[in-house]
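> What follows is the residue order along each chain.
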Amino acid sequence: MALLSNAAVLFGKEVRTEFRSRELLSTTIVFVLIVVVVFSFTFDPTTNESRRFGPGLLWMAFLFAASLMLQPCFLREQTNDTLSALRLAVQDAFAIFLAKISANTLFLLVTELLMLPVFAALFNVSFAAQLPGILLTFFLGSVGISVVGTALAAISAQARMRELLLPLLLLPLLTPILVVSTEVTVRLMQPDPAIEWKGIGLLAGFDVVFLTVLWLFGEYLLEE
Amino acid sequence: MPAAPEPPIGLQVDQVEKRYGAVYALRNLTLSIPAGECVAIAGRNGSGKTTLLRVAAQLVRPGKGTVSYSGSPDSHRPRIGFVAHATMVYDELTAEENLLFFAKLQGVENPKKRVAELLGEVGLKDRKDSLVRTFSRGMRQRVAIARALLAQPSLLFFDEPGSGLDAESGAWLTAHIRKLRDSGCTILMSLHGESETASLATRAIRLEAGSVIADTRRGAMFQSIFAGAAS
Amino acid sequence: MLRRIFFGAVAVGLVACAAYAAFYIAPEERTMGTIYRIFYFHAPTAWAGETTFFVCFVANLLYIWKRKPQYDWLGVTCAEVGLACITVVLITGPIWAKPVWGIWWTWDARLTSTFVLWILYICYLLLRTLVDEPERRALLSALFGVFAFIDVPIVFGAIRWWRTQHPAPVIMGGAGSGLDPVMKKVFFFSVLAMHVFAAFLIVERYLLEKTKYDVELMAREAEAR
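Residue numbers (this note's numbering), protein chains in the order written: chain A, 94 to 317; chain B, 502 to 732; chain C, 124 to 348.
Just chain A, with the same shape it has in the complex:
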C-alpha cells in the first residue's frame, strides 16, 4: 500500500544518507559515552550501586543524546526546501513521519546496543542472560523517544532557539519512558532478574498512543 511503500523509500534514503556520512551516529555515540562517564563521578560505582543507579543514568544519557540527535531531522529538509518536494511527492504526509521515526529508532538502537557492553564493562554489571528482555525494553523505549522526538523536531524546526527548544519540550513529555524504562532495566539487572510485563505494557501503550496522535495530526505539523 502506498503509505508503507513511500515510507520504505524514504527510510532507505534516510539510512543511506546517514551511513554515508555517519556524522550523526558517531557524535551521538561519543556523547552518550561522555555523559555516562561524567555521571559516574556522581556516585560510587560498586556493583550494587551500579545496578541501582546505572540504568537510570544510561536512559538519561540516551534521552539527552536523542534530544540532540533528533535536531537535524527536519532542519535538514529546510536547507533546500526538500520538505516541499516530499510533501508534493507523497499523498499521505504520515509516510514522511513513519520513515523518519523508523530511521531515528534505528539510529538510537545502534547507539544503545553499542553502549550496552561498554556500560556492562565499566560498571561490572552482567546482563547477558537477560538480553531478550533488555532488547525489548530498548526497542520500545527507542520507538517512544523517536515518535515524540520526531513530532517535536517538526515543531521546533519552525521556531526560534530550536537547539534549546527541542530538549526543553522533549524531556518532560518523555517522563513516562524514562521512569518505566529505567525501572524495567533495573529489574533486569538484579541478581534475580525478571521482565516487568506491566512496564513493558506501559511502554508499548505509550508508543501506540503517540503514534496514533501523530497519525491523526501529523499533516498539520508539516503545514505552512
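Source of the hints: derived by calculation from the structure; they are not laboratory data.
Any given hint could be a false lead.
[Unchecked claim] In the DSSO-like style, the derived pairs of lysine-lysine whose C-alpha atoms are separated by at most 30 angstroms in a straight line are:
1. C:K333 - B:K565
2. C:K335 - B:K565
3. B:K565 - C:K189
4. B:K626 - B:K613
Mind docking chains B and C on chain A? Use the hints.
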C-alpha cells in the same frame, strides 16, 4: 519530450486569502486557468507571486478560499511539478540518487529508465554520479527540473526559475519550457520581468499586494503587464 | 462592563465565603490542627486547574480543526490560568506537608505528576514566545498542547506504577475520602468557588488577549500603509 499521459489539468483558485500576521500575502484572489494554458505571473517583490504558486500547489494552506483542479481523475491533488528558487534536492546525494529517490516515491514506472532518460534530456548524464553539492547553480536547476518532470505531470509551476542562471542555462530553460508548453502541459510561472521565458506565455497576470490587477491574453496589453515588474 | 464587574464580585465573594467556611465552619481535624485547613484551598485549586487544562485541550483541538483565532486565545488563557492554579497547588502542598509530616516534598505519584504537568504547560507558554508569526504560533502551540494533555494521564500512570515498585508514604489522602459531612460540604463549596474564580480569570485574560490581537493587527496594518 513525450506528451503528457494524463488528461490536461486546469486550475481553479477561488477567493483565496492568506495572511501572515496583519500582512495580506493574497487578498480575495480568484483565478481560473484552463488546461493547457501557459500563464506568466508578474509583480514586484512581495506582491504574492510565490505565495500564489505555493497555495495553488497546496503547499500553503490559505486562511480562506479553495483550490481545485479540473480534469483530475480523482479528488486527490494531481501530480504537480514544482521548480522554485530552492532546488528541492538533497546536496548529499548524487544527481541519479536524487532522481531515483523521487521517482520511486512518486511510483514512477520503470524508474531507472525514466531517470536515465531525464538525465540525458537535461544534459547531466556524465555528472550523474556526482554529489549535487558539487554542482553549479545552473546544473542544480537542471536537476530540479528533472525532479519536477519525473512523473510526467501535466501541471507545472515555476517560481522565478531563471534567477541566478547564466545566459546559456537561461536559454536552455526557455527552450525546455517551450517544449513542455507545446506538449499540452498547464504551466504557471512567476517572473520578475519581461524576458525570453515570459514571451512563451499565452496569458499574463499581474499581482500587486496580493490581488490580481491585470489579466490579459496575447495582445497589445501583454507587454505592459511586465512594465515595472522588474522593481 | 457592568457584567464583568458583577462576575468579578461574585467570584471574589465566593472565594471569601469559602475561606470563611474553611476557617470557621469546618470542624477541627483530629490530628493535624489548624494547618489542615489549607486542604480546602489546595485540592479545590488543583481540581480547578485540571478542569482549566481540559478546556485548554478542547480549545487546542478546536483551533486545529477550525483555525479561528478565538480558540487560540482561549487556549493560551486556559494554559496561563491553569498554570497559576497548579503553582498555588505546588506551594500550598509543601506549606501543609512541612508542619504535619516534617518534609517539604516527596516524590509520590500525585506530586510528581503535578510537577511534570506544571513543567509541560510552562513549555507550552515558552514555545509561544519563540514563534513570531501569529497563525504559526497558534497552530504549533495547539499541537504541542494536544501532545502535552494526552501525556499527562500516561505520566501519572507510569509514576504510579513506578511507585508500586518503591512504596513511599502518600502525603495527601484522596480528596473527600473519609471526610466528615460538614467538611465535605465546605470542601465542595470551595471547589465551586475556585472554579468560578478560575472562570472569572479566564474571561478577563481572554478579553485581554483579544485586545492584544486587535491592537497588534491595527499596528501592523498601519505599518503596512
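> Between K333 (chain C) and K565 (chain B), is the straight-line Cα distance small enough, at 30 angstroms or below?
OK: K333 (chain C) and K565 (chain B) at ~21 angstroms, within 30 angstroms.
> For the pair supplied as a hint, K335 (chain C) and K565 (chain B), is the alpha-carbon distance within the 30 angstroms limit?
Within the cut-off at roughly 23 angstroms; holds.
> For the pair supplied as a hint, K626 (chain B) and K613 (chain B), confirm whether the alpha-carbon distance does not exceed 30 angstroms.
Holds, at roughly 13 angstroms.
> Checking one constraint from the list: CA of K565 (chain B) to CA of K189 (chain C), max 30 angstroms. Satisfied?
Answer holds: K565 (chain B) to K189 (chain C) is near 11 angstroms, not above 30 angstroms.
Violated hints are absent here; each numbered hint is respected by the structure.
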